[in-house]
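Modelling step: build the complete structure from the supplied sequences, incorporating the hints.
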Amino acid sequence: MSPLPDPRNRVFLYCRSGFETECRQEWHETRANNSPPEEGVAPANTAHVILTLPLRDDSHLPQAEIETPHLVFARHLVVAEANDVILSRGDRVGQLASRLRALTSWSGPFAGLWLGAPDSEAGRLLWPLCRAIQGPLRETMVTDGSLVPGRSGGIRAEVVFLEGERAMIGTSTITEGPAGTPWPMGVARLRLPADAPSRAILKLEEALLRMHEKGDWGGLLTPGRQVVDLGAAPGGWSLAMVHRGLTVTAVDRGDLAPGLRQHPQLLHRREDGFHFRPPRPVDWLLCDIADKPRRIADLIGRWGANRLCRVAIFNLKLPMKKRWEEFVACRRVIADSLEKQGVGYQLRFRHLYHDREEVTGVLILDGSGKTPAKGRPPRRRTPLPTDSVSSPRPDRSHHADRTAKTTTNPSGTRRRSMRKDPAQDGGVRRRNDRGASRPKGSKEANRSKGSRKADRPEGSGGTGRPRDSRMAGRPEGRGGEVLRENQGSGQPKRSKTGQPKGRKAGRRESRETGRQDDRETNRPESRETNRQNNRGTGRLQDRRAAQGEERAGKLSRKKRSVPPAGRPR
Numbered sequence: 277m278s279p280l281p282d283p284r285n286r287v288f289l290y291c292r293s294g295f296e297t298e299c300r301q302e303w304h305e306t307r308a309n310n311s312p313p314e315e316g317v318a319p320a321n322t323a324h325v326i327l328t329l330p331l332r333d334d335s336h337l338p339q340a341e342i343e344t345p346h347l348v349f350a351r352h353l354v355v356a357e358a359n360d361v362i363l364s365r366g367d368r369v370g371q372l373a374s375r376l377r378a379l380t381s382w383s384g385p386f387a388g389l390w391l392g393a394p395d396s397e398a399g400r401l402l403w404p405l406c407r408a409i410q411g412p413l414r415e416t417m418v419t420d421g422s423l424v425p426g427r428s429g430g431i432r433a434e435v436v437f438l439e440g441e442r443a444m445i446g447t448s449t450i451t452e453g454p455a456g457t458p459w460p461m462g463v464a465r466l467r468l469p470a471d472a473p474s475r476a477i478l479k480l481e482e483a484l485l486r487m488h489e490k491g492d493w494g495g496l497l498t499p500g501r502q503v504v505d506l507g508a509a510p511g512g513w514s515l516a517m518v519h520r521g522l523t524v525t526a527v528d529r530g531d532l533a534p535g536l537r538q539h540p541q542l543l544h545r546r547e548d549g550f551h552f553r554p555p556r557p558v559d560w561l562l563c564d565i566a567d568k569p570r571r572i573a574d575l576i577g578r579w580g581a582n583r584l585c586r587v588a589i590f591n592l593k594l595p596m597k598k599r600w601e602e603f604v605a606c607r608r609v610i611a612d613s614l615e616k617q618g619v620g621y622q623l624r625f626r627h628l629y630h631d632r633e634e635v636t637g638v639l640i641l642d643g644s645g646k647t648p649a650k651g652r653p654p655r656r657r658t659p660l661p662t663d664s665v666s667s668p669r670p671d672r673s674h675h676a677d678r679t680a681k682t683t684t685n686p687s688g689t690r691r692r693s694m695r696k697d698p699a700q701d702g703g704v705r706r707r708n709d710r711g712a713s714r715p716k717g718s719k720e721a722n723r724s725k726g727s728r729k730a731d732r733p734e735g736s737g738g739t740g741r742p743r744d745s746r747m748a749g750r751p752e753g754r755g756g757e758v759l760r761e762n763q764g765s766g767q768p769k770r771s772k773t774g775q776p777k778g779r780k781a782g783r784r785e786s787r788e789t790g791r792q793d794d795r796e797t798n799r800p801e802s803r804e805t806n807r808q809n810n811r812g813t814g815r816l817q818d819r820r821a822a823q824g825e826e827r828a829g830k831l832s833r834k835k836r837s838v839p840p841a842g843r844p845r
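Plus 276 on top of the position in the sequence shown (first one is 1) and you've got the working numbering.
Hints are computed from structural coordinates only; laboratory data are not their basis. Even for Gly, the Cβ is constructed at its ideal location relative to N, Cα and C. Check before you lean on any hint, since a few could be wrong.
[Stated by the list, open to error] The calculated label-pair distances, taken between Cβ atoms and stated as ranges, are:
| # | residue 1 | residue 2 | range |
| --- | --- | --- | --- |
| 1 | Glu397 | Gly430 | 43 to 49 angstroms |
| 2 | Lys616 | Leu401 | 50 to 56 angstroms |
| 3 | Ile450 | Pro412 | 19 to 25 angstroms |
| 4 | Asp548 | Gly620 | 28 to 34 angstroms |
| 5 | Glu547 | Glu452 | 36 to 42 angstroms |
| 6 | Ser374 | Ile450 | 22 to 28 angstroms |
Right, here's the structure in full:
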């Protein structure tokens, strides 16, 4: 006796309302080279897509051929029979149990049972009906042997209500990890924590539960791991990691929730997430920045190419039009950045239940599942090659050889000058920000009076004017000017009162004071102050002149006034 033909030739895809076009487009482009084109419908805002497969004449199970893992926009996939079941309100449970028992003739007993309806406005009205029928239908199937609870793996029985009296009968594969879903219809049933600053925490919780084969992510969710959260404010994703005992660096210019600001496991950095770099590689990178998707993709690619993290979870905010094309371009940007550097990786995307106009991506670098010693990522210490070019550090060894010398200017001010011991380097002078200072009694200080400009040290910044014999042997200051602190072989002679002694010394004192005053006056800030003072003085003079004219006018009018009639002068 030949086995019965497979009655399933339709595919039912759950998706988010408004993403029917992207769901159908992804299915066709993913399976374009593996199967003939399918016919189907994807009505707008119905939260589902129905595809019709070519009829089969053999008994081979098409589940493995139809099941496409890692679909992005499809939450859940059901392989359904060709014909719908028309139900009567009095005996829905009996009719559904009879049709499901017929499917076990070639698939064997089922390992599970799910009932559901599309996640649309009309479909949510049928969810209470699904919960009411779930218990009685399950007991009936266990009694007749078509359902064996507790079996690992296998096929799951599916009932999809399109209306109250019409349903689809089908099956789905019980798959663990990112290819499957732990919730009927792909609707994540998660509870919002009481201290959560926003509902964004549920997106991360769903990604952690669904997008990895192991629930603990290979030991990366243990306390003590390092996390960087880009675009953290108000702190939903950071709070999810803090609850698990991880140490978080929240990067955002905005403020975090009050409960997170003083948390001992969280550090808030008010920086730009696109330019932030951790001092050393971390375990986790979280990125929920609201920006252009390709810019986010480039950021994730750079972090992965430089191995700054081991796992990255991020969101791509897709545009309203051409969502599929933009998603494919962003995925290509990340892959190109990693392949260019030769980095092994796993890249997955899902349009999660708690996502809206964005999709959630997970990047796992090769070797990220291994637990390093002491629960921390290994610090990369690569020795620099001997021929490497780097900026040299400043040599500070000469500070120990310097000796301090305090001199007195003719104006009476004291300044501190640093010089090196002439015995160590042959009398080579060290300059400071105030000019050069030569030790008393040195050969440079006692040069002959016939010294010329050629005797100056190279690069002294002279003005180019020839020096006469009186300037010979004097130290040079800033801009090539001559400091009057050393005259010939010593300091200028002064009287008991401290004034310069002699007519020539007085003239030199006056000339030096004039030069200092000119330099102070020619400074930009001094010139601006003088302009303001001049303008203020001009306005004051104009005002005083106007007051004087007004006072003179009053006086002239008073003299010309005639006394009133009837009164003697």
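Here is what the structure says about each hint:
1. Glu397 x Gly430: 43 to 49 angstroms: 34 angstroms, violated
2. Lys616 x Leu401: 50 to 56 angstroms: About 51 angstroms separates the Cβ atoms of Lys616 and Leu401, which means 50 to 56 angstroms holds.
3. Ile450 x Pro412: 19 to 25 angstroms: 22 angstroms, holds
4. Asp548 x Gly620: 28 to 34 angstroms: 30 angstroms, holds
5. Glu547 x Glu452: 36 to 42 angstroms: 39 angstroms, holds
6. Ser374 x Ile450: 22 to 28 angstroms: 23 angstroms, holds
Violation of the numbered hints given earlier is confined to hint 1; every other hint is satisfied by the structure.
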